[in-house]
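Colleague: Here my numbering is used: the first residue of the sequence shown is 538, the next is one more, and so on.
These aren't lab readings, by the way, just hints derived from the structure by calculation. Hints may contain errors.
Each computed DSBU-like pair below joins lysine-lysine, with the alpha-carbon atoms no more than 30 Å apart [said to hold, decoys possible]: (1) Lys572 x Lys654; (2) Lys633 x Lys654; (3) Lys578 x Lys654; (4) Lys617 x Lys572; (5) Lys578 x Lys616; (6) Lys633 x Lys616.
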Amino acid sequence: MTDAHMKRTFMMTDTPPDDGEGDVGVAVQTKPKTKRPPLYKVLLLNDDYTPMEFVVHVLERFFGMTHAQAFEVMLTVHKKGVAVVGVFSHEIAETKVGQVMDFARRHQHPLQCTMEKE
538 MTDAHMKRTF
548 MMTDTPPDDG
558 EGDVGVAVQT
568 KPKTKRPPLY
578 KVLLLNDDYT
588 PMEFVVHVLE
598 RFFGMTHAQA
608 FEVMLTVHKK
618 GVAVVGVFSH
628 EIAETKVGQV
638 MDFARRHQHP
648 LQCTMEKE
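Work out the full structure: start from the sequences and follow the hints.
Modeller: Right under this line is the structure:
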């Protein structure tokens, strides 16, 4: 079989010509590895003016804590000056910080909430 004939045969059948060696190829499709987005800690900061009950309410309302959990976290904020109240993707952490800050301002409390990369 001539080279020209092999090329024509290959183009017509879309399969490589048999070279007599019996090699078989396998096509493998690899999945692209997706990288997990970075996470951010949402921090609540202590101040001398925001009532403890208000902090508990914020933790229940915006972070889905039970009353007991919220009370424990509030005490940590009160004693240590700061506490991590959740870990989220950037967009969610940013939203939570904004919600807490807006809610505190509407109720005329100086409560501070920030976020930092984990």
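Colleague: If any of the earlier hints don't hold here, list their numbers in rising order.
Modeller: Hint check: 4 fails alone, others pass.
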